[in-house]
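Number of protein chains: 2
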Amino acid sequence: MPHYTAPLRDMRFVLFELLKVQDELRALPPYAGLDVETIDAVLEEGAKFASQVIQPLNQVGDREGCTFHGDGVVTAPAGFKDAYAQFVANGWPSVGCDPDFGGQGLPTIVNNRLYEMWNSANQAWLMYAGLSHSAYECLVAFGTPEQKQVYLTKIVSGEWTGTMCLTEPHCGTDLGILKTKAEDNGDGSYALSGTKIFISAGEHDLAENILHLVLARLPGAPAGTKGISLFLVPKFLPDSEGKPGKRNGVKAGSIEHKMGIHGNATCVINLDGATGWLIGEPHKGLAAMFVMMNSARLGVGMQSLGLAEAAHQNAVAYAKDRLQGRAPAGAALPDKPADPIIVHPDVRRMLMTSRAYTEAGRAFTTWTALLIDREHAHPDAAVREDADELMALLTPVVKAFITDNSYETTTLCQQVFGGHGYISEWGMDQFVRDARINMIYEGTNGIQALDLLGRKVLMDGGAKFGRFARLIEGFLKDHAGRADLAEFTGPLAKLLADTARLTAEIGTRAKADPNEVGAASVPYLRIVGHLTYAWMWARMAAVAADRAGEDFYAAKLATARFYYAWLLPETEHQFRAARAGASTLMAIPAGQF
Amino acid sequence: MPHYTAPLRDMRFVLFELLKVQDELRALPPYAGLDVETIDAVLEEGAKFASQVIQPLNQVGDREGCTFHGDGVVTAPAGFKDAYAQFVANGWPSVGCDPDFGGQGLPTIVNNRLYEMWNSANQAWLMYAGLSHSAYECLVAFGTPEQKQVYLTKIVSGEWTGTMCLTEPHCGTDLGILKTKAEDNGDGSYALSGTKIFISAGEHDLAENILHLVLARLPGAPAGTKGISLFLVPKFLPDSEGKPGKRNGVKAGSIEHKMGIHGNATCVINLDGATGWLIGEPHKGLAAMFVMMNSARLGVGMQSLGLAEAAHQNAVAYAKDRLQGRAPAGAALPDKPADPIIVHPDVRRMLMTSRAYTEAGRAFTTWTALLIDREHAHPDAAVREDADELMALLTPVVKAFITDNSYETTTLCQQVFGGHGYISEWGMDQFVRDARINMIYEGTNGIQALDLLGRKVLMDGGAKFGRFARLIEGFLKDHAGRADLAEFTGPLAKLLADTARLTAEIGTRAKADPNEVGAASVPYLRIVGHLTYAWMWARMAAVAADRAGEDFYAAKLATARFYYAWLLPETEHQFRAARAGASTLMAIPAGQF
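Top line first, the protein sequences correspond to chains D and A. The opening position of the first sequence corresponds to residue 1 in full-length UniProt numbering, with each subsequent residue numbered one higher. The opening position of the second sequence corresponds to residue 1 in full-length UniProt numbering, with each subsequent residue numbered one higher.
Simulated from the structure, these hints should not be mistaken for laboratory data. Just so you know, these numbers come straight off a predicted model, no measurement behind them. No incorrect hints appear here.
Distance ranges between label pairs, derived from CB positions:
#1 A:Ser583 - D:His69: 57 to 67 Å
#2 D:Arg467 - A:Ser583: 35 to 45 Å
#3 A:Asp82 - D:His69: 27 to 37 Å
C-beta: ideal position from N, C-alpha, C; glycine also.
Make the full structure from the sequences, and use the hints.
As structure tokens, this is what we get:
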């Protein structure tokens with residue numbers, strides 16, 4: 001059975017040594033009083049919840065799955081409900097929420113690290129709470145004062161959970177063709193009818209009420225994405241005291257059998273004249289939903305980061321424990337029948353790959369969390385705008401780069417176990433199966449790549465990319481005199497220049513053939529992802545180099561070197577692919593496939 | 001529900017146009033009379049068996065799995081037994097077997113294409129028969145005349161099936177430490193005791209008897225791999241008429257719950273004084289088992305090739321059918337609400353990747369099958385030796401390169417389905433889950449890479465690699481005047497030269513540090529795999545270029561160009577990794593992981 005211990009030492013390194021959040025927070029009024037000790041204490045408590053309460057339920061949830069009892073009733077696996085009750089009792093749902101609505105007002109840098117831990121422990125379970133937090137973001141931005149009073153406080157407390165109802169049987173990516181209808185009831189409410197599919201946490205027994213955030217069309221709405229509105233549709237209509245009252249006409253029709261995340265109920269949701277209320281303006285629902293969607297996309301990156309860390313810890317433990325074969329240079333444990341497999345260079349390659357990707361992902365997502373905190377709380381509008389622009393650029397990178405890497409690394413960690421990795425008892429295959437969904441939902445990774453290159457980079461003529469490039473240039477300038485870091489800063493500077501040149505090339509080519517953006521997009525996202533990680537590793541190396549005599553920092557430097565030697569050169573492949581051009585993809589007519 | 005149609009057109013291209021097997025077979029006496037029409041007819045019948053009999057059982061088998069009833073009794077999923085009875089009644093088990101033992105004496109080039117089809121249709125089901133064929137190879141080589149009479153004929157007819165019993169709880173890769181004991185009964189038989197795990201098709205209800213080929217130690221055997229002997233241990237001891245008689249002390253203790261291949265029973269096999277007979281000489285069991293193992297490794301490559309083709313076909317069908325979004329250059333089907341997703345460049349990238357890898361894999365495995373046929377049947381000893389040496393070199397490439405590629409491509413094909421790819425109903429996740437085992441069993445892909453670089457390439461000073469290189473040089477020389485092929489022959493020549501240089505470098509480095517071989521091995525195998533596929537694609541392009549006005553050949557050329565533009569450049573990454581050196585992997589002491 002897998003184990004998990006939160007990597008608090010590495011989290012502290014990233015927070016307090018790499019990013020020096022203790023200094024950053026002083027510039028953000030809502031968090032200016034938060035000290036290192038408090039952050040430490042919260043993370044330690046969160047770590048206990050992860051390893052003691054929800055991690056032991058992870059395999060149980062996978063084996064048992066959710067149960068559909070008919071008539072819209074769904075129950076989560078054994079233990080999930082009790083764990084959620086503890087979660088609410090401990091106040092965890094409110095950690096990252098605004099005190100105006102009952103939240104504890106901790107910054108995203110703390111909340112994100114908690115989410116990493118909890119995802120390591122049990123992604124399927126955490127999704128019940130995670131989607132609620134995305135619904136929170138949407139209601140904070142677009143809810144009416146009354147909606148905030150009635151619904152938001154319940155989301156913050158965790159008493160009620162939330163969902164995102166976008167996909168329909170005939171449309172997922174292409175929401176412009178969705179069919180669910182909303183008709184005006186004449187009393188401020190609407191009657192919604194239609195079928196939604198793939199609704200995560202769509203029905204369950206963890207909370208007393210569920211708030212569905214539903215995309216639908218008003219009568220006479222314009223065709224396409226400009227005719228979509230967003231509605232709040234509770235499972236139970238709140239009574240006059242704000243408690244769950246009459247059952248609403250929104251019910252689970254069935255649950256899906258799927259590759260992984262068995263502990264989370266993926267529901268078909270039937271709306272049969274369900275009562276709902278408009279969130280934000282009519283026909284502007286997609287923009288409102290995207291507040292929730294962007295939050296969810298960042299959450300998906302955290303899911304995969306969590307899985308990768310958990311898989312890595314278990315692979316390391318197995319590689320140290322499993323005796324098999326001898327070290328190439330001679331027996332490491334001559335008194336034993338064989339050496340632990342960690343002596344083998346190829347086992348190290350697998351462990352170093354997962355280590356390098358996971359530690360870079362932790363640094364990256366902590367830094368983006370800091371951007372979110374600046375975006376929300378910095379007094380200077382220019383700083384807020386800068387953070388906002390950077391987050392727009394990097395959200396698809398967090399979502400796609402981390403989830404692709406984690407599919408690779410959970411697979412490698414499974415491989416370390418040999419045949420045992422394929423046997424359910426060991427739990428390694430669950431990490432892979434759970435990680436697989438993260439590349440698909442909340443916009444497939446192909447869609448993320450299109451979003452990055454087409455919308456975020458090219459649409460503003462490279463302005464957002466330029467902001468990001470200037471940060472890296474600043475780092476390079478600050479460390480120009482450090483000969484000991486040249487092994488990192490040299491390749492980083494080259495990659496930055498090459499990426500800028502590639503961006504310009506694609507921009508030019510795209511004017512001649514609109515297929516060029518789609519053709520180059522996935523390799524381009526891999527390149528930008530590596531640019532980000534190469535920068536993160538160079539930054540970590542710069543901190544570590546000053547204390548290289550200590551084990552922890554020596555290992556950081558070694559991992560940075562591994563990243564630059566083994567993983568970063570993937571960009572050489574991706575530059576070639578990004579330049580191959582659309583004609584190499586589109587040469588065969590569709591009919592001849 | 002997934003569908004499958006055998007790609008007969010492409011198989012004919014490879015057999016009769018690319019490899020011209022009709023000419024090759026004339027030089028091989030046992031097959032000299034075999035004509036194109038007969039091969040065609042066999043493939044067509046095999047294709048019907050694939051799509052009509054076993055493909056419809058693939059999802060059933062995954063859902064239902066095998067059942068352990070206690071006391072060693074295991075049943076396969078519904079329908080598996082009947083399908084196997086048809087398989088035997090149709091004579092399929094004997095197709096590739098020697099007529100001396102009741103076989104039909106068809107060459108491996110035919111049998112391999114049948115195995116591709118049947119694996120596309122149902123890998124878990126085919127494993128019951130596939131392992132029997134590997135046992136056949138071992139008994140042909142090492143069985144006594146009596147063993148051949150009693151057992152081999154039953155394997156050829158398919159009435160009895162076979163297994164490979166190597167792994168034990170404490171050892172898989174490192175067979176030198178295995179513990180199962182064999183004691184002399186004094187009557188020519190031995191009593192075997194021990195526990196074997198991960199025994200595919202170890203117990204089932206498809207056949208009336210099962211022959212276990214078991215590795216064990218004789219009393220006083222030398223330690224390590226030089227003290228291992230191979231035994232034949234039947235489930236039922238044959239009676240005086242050769243029919244299943246007394247139940248032997250070899251029983252399934254349980255079956256594993258695993259990530260995929262649910263339809264095949266993966267058993268713990270307990271030997272409790274089971275009666276067995278020595279195969280080959282005492283203490284030389286590992287060499288005998290390796291005859292079976294090499295056959296099985298090639299079979300694993302075919303498993304993944306089959307899965308990749310099936311996943312590809314379904315992804316293509318979905319991409320043509322699913323309407324979502326619009327083509328970047330403007331609506332392709334303006335009368336419909338959206339265009340089929342095959343219009344999108346990134347969807348093409350995924351389909352072209354699976355197409356290019358699958359078609360190259362088909363060419364590669366048909367060519368290696370031809371080598372096997374030469375090895376068995378060519379009258380000239382030098383030709384046989386050449387084929388034997390090439391197969392020794394390329395067996396780990398067939399096993400690891402194809403299975404790694406197919407994990408990637410089944411994952412991409414699943415991705416084409418978006419959220420539907422994650423839902424079991426569509427069957428795409430089964431291809432991925434089934435493909436995953438192929439990277440692990442019969443020697444993990446890391447072990448294959450060590451076998452390639454350490455044993456096959458470096459141990460004979462590059463002699464085997466030189467044979468392979470000369471074949472490619474011959475092709476390049478033959479096509480040196482073809483300017484129209486320069487886009488392929490240029491990069492191929494460069495890759496060959498670069499690979500030869502890398503091989504020499506690693507050879508030198510390995511003398512200074514034994515860790516260097518293990519460090520470079522996986523990147524090296526990827527490079528040799530691409531060298532093979534680049535050669536295959538150049539050869540296919542050479543054939544296709546002469547008929548480029550016809551759709552089939554134009555598509556071949558386009559796929560060759562895609563391969564060279566998008567997939568082959570992975571070697572740039574792998575060369576960097578192969579040269580990174582062991583120190584980048586081993587820098588962190590094991591205790592600090």
